[in-house]
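Trainee: Single-letter residue listing:
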Amino acid sequence: MIQFGSAHVIYIFEAARWTIVLSLIAFFGGAVLGLLLALARVSRLLILRALSAAYIQTIQGTPLLILLFLSYFGLSLLGYRLAPIVAAGLSLTLYVGAFLGEIWRGCIQAVPRTQWEASDCIGLNRFQQYAYVILPQAVRIATPPTVGFMVQVVKNTSLASVIGFVELTRAGQIVNNSTFQPLVVFLLVAAIYFAICYPLSVASRVLERKFNVAR
Amino acid sequence: MSRDDQQTLAGTRPAPTGAPDTAVIKVRDVEKLFGQLKVLDGVSLDVMAGQMVAIIGRSGSGKSTLLRCMNGLEDIQGGDITICGHNVGRGKSNRADLRRDVGMVFQSYNLFPHLTVERNITLALTLVKKKSKAEARQRAEQVLAQVGLAEKIDAYPEQLSGGQQQRVAIARSLALSPQVMLFDEVTSALDPELTVEVLRVMEDLARGGMTMVLVTHEMAFAQRVADQVVFMHKGKVWESGPTKELFAAPKTAEFAQFIGTGL
Numbered sequence: 001m002i003q004f005g006s007a008h009v010i011y012i013f014e015a016a017r018w019t020i021v022l023s024l025i026a027f028f029g030g031a032v033l034g035l036l037l038a039l040a041r042v043s044r045l046l047i048l049r050a051l052s053a054a055y056i057q058t059i060q061g062t063p064l065l066i067l068l069f070l071s072y073f074g075l076s077l078l079g080y081r082l083a084p085i086v087a088a089g090l091s092l093t094l095y096v097g098a099f100l101g102e103i104w105r106g107c108i109q110a111v112p113r114t115q116w117e118a119s120d121c122i123g124l125n126r127f128q129q130y131a132y133v134i135l136p137q138a139v140r141i142a143t144p145p146t147v148g149f150m151v152q153v154v155k156n157t158s159l160a161s162v163i164g165f166v167e168l169t170r171a172g173q174i175v176n177n178s179t180f181q182p183l184v185v186f187l188l189v190a191a192i193y194f195a196i197c198y199p200l201s202v203a204s205r206v207l208e209r210k211f212n213v214a215r
Numbered sequence: 216m217s218r219d220d221q222q223t224l225a226g227t228r229p230a231p232t233g234a235p236d237t238a239v240i241k242v243r244d245v246e247k248l249f250g251q252l253k254v255l256d257g258v259s260l261d262v263m264a265g266q267m268v269a270i271i272g273r274s275g276s277g278k279s280t281l282l283r284c285m286n287g288l289e290d291i292q293g294g295d296i297t298i299c300g301h302n303v304g305r306g307k308s309n310r311a312d313l314r315r316d317v318g319m320v321f322q323s324y325n326l327f328p329h330l331t332v333e334r335n336i337t338l339a340l341t342l343v344k345k346k347s348k349a350e351a352r353q354r355a356e357q358v359l360a361q362v363g364l365a366e367k368i369d370a371y372p373e374q375l376s377g378g379q380q381q382r383v384a385i386a387r388s389l390a391l392s393p394q395v396m397l398f399d400e401v402t403s404a405l406d407p408e409l410t411v412e413v414l415r416v417m418e419d420l421a422r423g424g425m426t427m428v429l430v431t432h433e434m435a436f437a438q439r440v441a442d443q444v445v446f447m448h449k450g451k452v453w454e455s456g457p458t459k460e461l462f463a464a465p466k467t468a469e470f471a472q473f474i475g476t477g478l
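Quick note, the sequences are listed as chains C and V, same order.
When the letters of the first sequence are read in order and numbered with this note's numbering, they come out as residues 1 to 215.
When the letters of the second sequence are read in order and numbered with this note's numbering, they come out as residues 216 to 478.
Only chain C is shown next, with the shape it has when bound in the complex (with noise of 0.2 Å):
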């Protein structure tokens, strides 16, 4: 058995850095996929409403697990041998932009009929529409739900530790399998994860007060 020492948390710490990585690949991936969809979802074009609900009910019904297991395990039986982190970062952002596209598809929904009417009554086109008037006050109502499920998508990275990406929870995993101090190293994996996701909590209270105040 090897003392737990500074050397495991120095691993720990970098390897944090991944889980970092991954949830910002995931917040800008699925955010990008996730603006395109709640848009495709309050289309007028009855095909994309339809597929994009389609993409939304698939992947909010299977577990993050499986896309993980899918894109690293049964994409390299196609002959795509994605790296460990190309994979976590591809389920991720699917992951992530089907459930950002559903809260964001309500936020847009909430926004009142009244504003649509009143800017197409000043000449408005519909893309001037949703630029000035929808998104800037959905993007308001979107913020907590948003920054909510942040703090799921941050700890769900866990997740990647399966395919073998040495993220936080694996990198706790590896140190506890040498030190067996498993109450030491996960209470300090356990505090750094609450490290990230705390100042988005944070974060989000100050962002609503600041569009309260606002307007």
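It is possible that part of the hints are untrue.
Only some residues are given here: those of chain C computed to face chain V with a beta carbon under 7 Å [unchecked claim]: (1) Thr114; (2) Glu117; (3) Ala118; (4) Cys121; (5) Ile122; (6) Gly123; (7) Gln128; (8) Val133; (9) Pro136; (10) Gln137.
Partner residues are not named here, just some residues of chain V that face chain C (Cβ under 7 Å, in silico) [stated by the list, open to error]: (11) Leu288; (12) Arg314; (13) Met319; (14) Ser323; (15) Asn325; (16) Phe327; (17) His329; (18) Ala339; (19) Leu342; (20) Val343.
The set of hints was computed from the structure by calculation and includes no laboratory data.
All values derive from a computational prediction rather than experimental measurement.
Quick reminder that beta carbons are idealized off the backbone N, C-alpha and C, glycines included.
Guided by the hints, dock chain V onto chain C, whose structure is given.
Mentor: Just chain V now, with coordinates in the frame of chain C:
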């Protein structure tokens, strides 16, 4: 849309509507259905340039729907609507041209809550009319002065009273220099005191020669200011004509009863 209309739209603006005896709005046999329910049943009316026409009637008589149809917010199932030379109602073609000439004010103001009063007004000026920021700001100041709210230019809608918000909404519409303005029960959400300030603005506009159609429950105001009154009942124009004549001698029992109840 007919060939003639398209030519008008493609070329210069439609003939100036300032000329008297020109119907700026022509509504012909309009039918509107919400599912099985016929809310407009063969409605026809003309609005001449510079006139103020008040549409009155009970709730559910179809008056707001008629106004919304005039502006293409609802499509119609039968008949024909022409406003400032634009054919409205079936299909949504040439909305941009329609919007340039027709302004609309709503019962619930519908200001953009996340934008200042200035930006509420300048948004369409800069985006649609391609005015510079400075020009747009100047225009905003001008129309705000017109509705008596020059000092509120940097406020957010939420910081204003209902009456002030409604005056800003009128200013927002006015800033685009429409030829016709439609008012949809614009004082219904306001208490009497605030109603007065909004009505005053509208009266000023009428005096300035703006062509206006308003759906209203303010009978005293309609009687005093409107040139023509249209009484709607059961989705039809039940009675209409010059205000004084109409109120002096109601022809139908329904209208007599309506004004008799003091609504």
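Trainee: All the hints need checking, so say for each whether the structure fits it.
Mentor: Consistency of the hints with the structure:
1. Thr114: Holds, because the Cβ-Cβ distance from Thr114(C) to chain V comes to roughly 5 Å (cut-off 7 Å).
2. Glu117: holds, 6 Å
3. Ala118: Holds, because the Cβ-Cβ distance from Ala118(C) to chain V comes to roughly 4 Å (cut-off 7 Å).
4. Cys121: holds, 4 Å
5. Ile122: holds, 4 Å
6. Gly123: holds, 4 Å
7. Gln128: holds, 5 Å
8. Val133: Check passed: Cβ of Val133(C) comes within 6 Å of chain V, closer than 7 Å.
9. Pro136: holds, 5 Å
10. Gln137: Result: holds, 6 Å to nearest chain V Cβ.
11. Leu288: With a closest approach of 6 Å, the Leu288(V) hint holds.
12. Arg314: It holds, given that the least Cβ distance between Arg314(V) and chain C is near 4 Å, below 7 Å.
13. Met319: holds, 4 Å
14. Ser323: holds, 6 Å
15. Asn325: For Asn325(V), the interface hint holds, since the closest Cβ of chain C sits about 4 Å away, which is under 7 Å.
16. Phe327: holds, 6 Å
17. His329: holds, 5 Å
18. Ala339: Check passed: Cβ of Ala339(V) comes within 4 Å of chain C, closer than 7 Å.
19. Leu342: Since chain C brings a Cβ to about 5 Å from Leu342(V), closer than 7 Å, the hint holds.
20. Val343: Since chain C brings a Cβ to about 4 Å from Val343(V), closer than 7 Å, the hint holds.
Going down the numbered hints, you'll see the structure goes against none, and every one checks out.
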